[in-house]
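Novice: Listed here are the chains, written in short residue letters.
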Amino acid sequence: MPSFPNVKLASRPLHFIYLCDCSGSMAAQGKMQALNQAIRQSLPGMANVARDNPEARVLVRAVRFADRAHWHISEPTPVEQLVWTDLQAGGVTAMGEALELVAAQLAAPPMEQRALPPVLVLISDGQPTDDFEAGLRKLMRQPWAQKAVRLAIALGHDADLEVLQAFIGPASGAVLPAGEVPGASGEMPRAGRSPRRPLQASNATALAQYIQWASTAVVGAASMPTSRVGSPEIAEGNIPLPDLPPTAIDPMDDIGPVVW
Amino acid sequence: MTWILPEGAWLQFEAFSTPVQVVRGLGSGSQGQVYEVAVQNEALALKWYLPSCIARDPHLERRLAESIRTTAPNQHFLWPIALLHPTADSLPLVRCRPAGFGYLMPLRPAGYVAAVEHIAGRIAFSLGEALRAAFHLAEAFHALHSKGLCYKDISLGNLFLEPGSGRILICDNDNVDVDGRDLGSVLGTPGFMAPEILMRQAKPGADSDLFSLAVLIFRLLTRHDPLKGKLELAIRCLDEPARRRLYGEDPVFIFDPDDARNRPDPELHQAALVTWPLYPSDLQALFLQTFVAGLKAPSRRALTGQWQEVLARSLDRRQLCGVCGQETFGTQPACWHCHTPLAAPPLLHTPHAAVVVSAGNALHAHHFNKRELPALDRPLARIDPHPGDPALLGLRNLSDRAWRAELADGRMLTLDPGRSCNLAGLRRLETHLGSVSLSQPAAAATAGPLRESAP
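Protein chains in written order, with my numbering: chain A, 20 to 279; chain B, 669 to 1123.
So that you can see chain A by itself, here it is in the shape it has in the complex:
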């Protein structure tokens, strides 16, 4: 049977890192279980997106933070091989340390010489109890962190939207003076849904939709260019982000009832 020359294809790694809040408050109203479920359920879809993008090698890691921050999955793992071990809630919110852990991994080396923009997803239901600012400064000193697509998901109304916005960077796309930490000026996130603002999930369904969106649509956008429309708005960031998941049933509000 005639075939095609079997040659190695060029590809770049795409590092996808979850930063998961595992503080004691995550135990309330099933938030921790909902997050574990949402991530586990999102993996097949994420593997499909990776399959559709042979020029990207999607590698997943996760950091958990409570009293301290630890690598939950320290090895960059091909998504199709990933097995999600449940996170357990308990302790305070060492979010700054979590950012430091990620910062160390985004330094080159260990980062590859060539890669696709990393995707960092920070999920939290509360306020950092350590030096968040210091952690963020360390993170944002890394060129790969500056290039990264940074998303934040706020669980419930106690989440600190200001620090999550600081992690994402300014929502307006305004250029910051040199040396200033993005978001440090204390600007408050504006109303309305945007991937450049913390995504507010007030129940398990909304959380699952956002996790699915981040692990599929965003991974797709970061790994392979998608169709462009000539819209007048100027794209913010170095990767045009896909539309947020449509809010079925009631498009005017958040998805479903407020539980958290």
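Don't take each hint at face value.
Over 12 Å on every C-beta distance to chain B, these chain A residues come out as not near it, computed from the model [what the hints assert, rightly or not]:
hint: 1; residue: Ser22
hint: 2; residue: Gly49
hint: 3; residue: Glu74
hint: 4; residue: His91
hint: 5; residue: Pro97
hint: 6; residue: Val102
hint: 7; residue: Ala108
hint: 8; residue: Val111
hint: 9; residue: Gln146
hint: 10; residue: Thr148
hint: 11; residue: Asp149
hint: 12; residue: Glu152
hint: 13; residue: Ala153
hint: 14; residue: Asp179
hint: 15; residue: Val277
hint: 16; residue: Val278
Which bits of chain B does chain A cover? Going by a derived footprint, with three or more residues having C-beta under 8 Å, they are [what the hints assert, rightly or not]:
hint: 17; segment: 856-868
hint: 18; segment: 905-912
By construction, these hints were calculated from the structure, which means they are not laboratory data.
Just so it is clear, CB atoms sit at the ideal spot from N, CA and C, and this is done for glycine as well.
Starting from the known structure of chain A, fit chain B onto it as the hints suggest.
Specialist: Structure of chain B alone, referenced to chain A:
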């Protein structure tokens, strides 16, 4: 997955008399969701748009309605059949507001797979099948452009391939527009978009389609990106600004004869380096035309008709290695796979072509008549291996007319439709379209075929 249309529901649509049952959700993307539906026991596909997509593209509905009236350019398109707006009764079943609309199209038949499966090397798809798929792609764009239409956003994501035949299907035909009118919002997909579109210096149309077509053909034939060479390796983070440089500001074809800055890397870009030399120089020339002069000058890009002609001619040169059975196209002294030297093959001469005698090669109407556009789907004759002895080749009459064959020993016989004759004994064939003669390579006539390849 949250489906906008509930699975199992029966929906009624305006100006569409038959109810439509949603069978199951097939997939979702940035524009909307696709379902398998049943319409009077016929399985069809239904694409439903997200409100955000409709909002971004105010002329979407008008373009679709026009496409439906125009009908499909040819059989290679999964073309829209009907525009669907829910009736007041069905509106509550649609789980988004505004409910929006969708369109019906044929369901993709089993056996077709996403083109990315070939690019990723996950399906068996030979060089010859890739050439056939490329030919059909050029044929599809020829038919589309001939209708005065343009596609605007072709990429690997809209293309399906049938392994075994090399047939194609093009989906997502909802950006199709009258060329030059620009009733649309789409620009294209970076990597496939012409540089002038990416740089927002022009609107997508038939000329930019020709660029995207060449990229897609290149990727089918080489499994590599024509603009990804050393310049891409110099990029650390491949993000939007970097792609803009690579594909828009300073695009350089990896095989540009006068600009070596973007040559393939011997280690990382093997796919391009291994496959490119396998293709005939007239095919390479069309890529050079499109990716060198045509990069900046849209009017100089290779035309759909040129692609069809040259791709069909490349297939005429298809020769199988006598040892491993791999395909070559007359460019190599030895097989790319097992390195066995290749002998000059016998040829079938028609009034306007010479077709290599090799199992699977075929004679078509365009080989006899210069005015016929090249086409592969209705072969007049095909070279078939003998069922008992694959080394023995015969020519099968696939036409509906009887032909006269003159054998080497001077005998005449009639070759009825569906019958084949042994090529070893054939001298001439009189078909209803013209004569076919067989020539043996001069040097190989006496010596063994494998030892006799020209260095």
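Novice: Does each hint hold? Answer for all of them.
Specialist: For each hint, the structure was consulted:
{"no.": "1", "hint": "Ser22", "result": "violated, 5 Å"}
{"no.": "2", "hint": "Gly49", "result": "holds, 20 Å"}
{"no.": "3", "hint": "Glu74", "result": "violated, 8 Å"}
{"no.": "4", "hint": "His91", "result": "holds, 25 Å"}
{"no.": "5", "hint": "Pro97", "result": "holds, 14 Å"}
{"no.": "6", "hint": "Val102", "result": "holds, 22 Å"}
{"no.": "7", "hint": "Ala108", "result": "holds, 27 Å"}
{"no.": "8", "hint": "Val111", "result": "holds, 34 Å"}
{"no.": "9", "hint": "Gln146", "result": "holds, 31 Å"}
{"no.": "10", "hint": "Thr148", "result": "holds, 33 Å"}
{"no.": "11", "hint": "Asp149", "result": "holds, 29 Å"}
{"no.": "12", "hint": "Glu152", "result": "holds, 25 Å"}
{"no.": "13", "hint": "Ala153", "result": "holds, 25 Å"}
{"no.": "14", "hint": "Asp179", "result": "holds, 29 Å"}
{"no.": "15", "hint": "Val277", "result": "holds, 19 Å"}
{"no.": "16", "hint": "Val278", "result": "holds, 18 Å"}
{"no.": "17", "hint": "856-868", "result": "holds (count 6)"}
{"no.": "18", "hint": "905-912", "result": "holds (count 6)"}
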